[in-house]
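Colleague: Given next are the chains, with one letter for each unit.
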Amino acid sequence: MGLVLDVLSWVCLLGGAIFLLIGAIGVLRFPDFYTRLHAVSICDTLGAGLVLVGLMMQGGLSLVTVKLLLMFYFMIFTGPTAVHALAEAAMQGKLKPHVDDRES
Amino acid sequence: MEYLIDIVLLGLLMITGFAIVRMRSLLAAAMLTSIYSLLSASLFVVLDAVDVALTEAAIGAGISTILLLAAVALTTDEEKTPRHTPLLPLVVVIATGAALIYGTLDMPHYGDPEAPVHRYVAPTYLHDTPGEIGVPNVVTSVLASYRGYDTLGEVTVIFTAGAGVLALLGYRTRRRNSQGPGNRKLVVLRVIAKLFFPLILLFALYVLLHGDYGPGGGFQAGVIFATGFILYALAFGLGNAQRVIPHQLLRIMMAVGVLIYAAVGIESMLLGGKFLEYRVLADDPVTGQHLGIMLIELGVGITVAAVMLIIYYGFVSRLHSGDM
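For the record, the sequence lines run as chains U and S. Throughout the first sequence, residue numbering follows the numbering used here, covering 45 to 148 in sequence. Throughout the second sequence, residue numbering follows the numbering used here, covering 13 to 336 in sequence.
One or more hints might be untrue.
To be verified - Under 10 Å between C-beta atoms, here's a sample of chain S residues computed to sit facing chain U:
1) L198
2) V200
3) L201
4) V203
5) I204
6) A205
7) L207
8) F208
9) L211
Unchecked claim - No farther apart than 35 Å at their CA atoms in a straight line, the calculated lysine-lysine pairs in the DSBU-like style are these:
10) K138/U to K206/S
11) K92/S to K140/U
12) K206/S to K140/U
In short, the hints are calculated from the structure, not lab data. Idealized CB from N, CA, C, for every residue including glycine.
Produce the entire structure from the sequences given, and follow the hints as far as they go.
Modeller: What follows is the structure in structure tokens.
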């Protein structure tokens with residue numbers, strides 16, 4: 045049982061780390077603000093979320109897990125809200141999305 | 013392993029510092045200072061200074077960023093290019109930096125048990141706290157009890173700062189646009205703010221009352237409390253926030269906190285002790301200490317929260333409608 049839990053938690057931790065890496069690469073590589081936001085939102089939800097889930101499995105049934113659960117709850121709400129607010133602010137600031145004109 | 017975290021954090025701190033200096037956009041510089049504070053808070057956690065980390069995260073990364081952003085919104089976003097040559101400032105900075113680094117050569121090594129700071133009063137505090145004060149968090153016992161005078165001075169400084177900002181910025185009452193900006197576009201933000209507002213206030217109370225047992229206390233609690241209301245004001249507009257806490261009330265609360273602190277001191281004098289000698293407050297000395305610490309932490313929290321909100325109100329009431 046302990047081994048299964050360990051393997052599962054490591055899968056979650058590594059998965060979260062990979063998503064964080066993907067998000068970071070996306071922020072650097074994507075062409076404009078809106079696509080970069082898209083990359084950032086992956087970091088907040090999937091990346092940090094999976095890392096927290098992995099840590100919860102390591103914590104077992106304890107106070108640490110409850111605290112991690114609270115952090116998870118906060119992350120899952122505040123991350124997307126912050127990204128949404130940023131996108132909204134950019135729209136209000138009349139920032140045009142980057143469009144490839146060769147296609148149109 | 014801990015070395016690695018230290019190096020990464022300090023390296024990031026240095027990069028952020030250089031980025032702030034190089035950045036011409038003040039808005040971006042304000043955001044970078046927030047990151048800088050968050051990194052320092054993480055460093056404090058690594059150094060096991062959790063109380064300081066909590067303060068740094070709440071004040072540095074939270075409130076001061078919002079105040080900086082408000083100041084940027086009031087002035088301009090672009091840094092002016094300096095007219096004079098950078099040669100003289102560079103010489104001054106290099107000389108000062110060299111002197112500071114030279115000064116560190118005489119400092120004891122990190123974690124050295126023979127360092128003067130560990131041989132002076134710290135052992136007494138660590139040894140006497142369980143018996144005399146009976147709170148697990150020694151930081152709180154030093155801050156609130158052994159060093160009560162200093163903390164009273166700090167609260168007075170915060171009060172003076174608030175009064176100074178009030179005198180400089182003043183406060184503009186505005187009738188129109190009390191509903192706040194944007195209306196329809198802020199739906200998501202408003203729902204989430206409504207969801208988190210009570211939780212933030214609850215957490216502030218927890219930090220205030222749990223300060224004896226874990227990291228926290230009046231300063232942190234006051235700032236977190238103010239953050240909750242600033243979030244509310246950001247989402248729903250200043251007018252609605254003022255319906256909950258009016259400016260007049262804040263001005264009174266700002267003084268009430270300091271007065272509660274001083275009154276605890278005078279009360280202990282009236283009961284036959286010295287100024288801020290809490291053990292005379294109750295029949296049992298340890299209970300007296302608990303009571304005294306709780307009361308002065310409450311006073312600190314009230315003053316800090318009121319001052320933070322007054323500074324925020326002062327900035328935002330000067331902005332044009334709908335900016336923040």
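Colleague: So, for every hint listed, does it hold in this structure?
Modeller: Going down the list of hints, with the structure as the test:
1. L198: With Cβ-Cβ at 8 Å, under 10 Å, it holds.
2. V200: 5 Å, holds
3. L201: 5 Å, holds
4. V203: Because about 9 Å separates V203/S from the closest Cβ in chain U, which is inside the 10 Å limit, the hint holds.
5. I204: 4 Å, holds
6. A205: Interface hint status for A205/S: holds (9 Å vs cutoff 10 Å).
7. L207: 7 Å, holds
8. F208: F208/S check passes; min Cβ-Cβ to chain U is 7 Å, inside 10 Å.
9. L211: With a closest approach of 9 Å, the L211/S hint holds.
10. K138/U to K206/S: At roughly 28 Å apart (the allowed maximum being 35 Å), K206/S and K138/U satisfy the hint.
11. K92/S to K140/U: 27 Å, holds
12. K206/S to K140/U: Roughly 31 Å separates the two Cα atoms, so the pair holds.
Of the numbered hints listed earlier, not one is contradicted by the structure.
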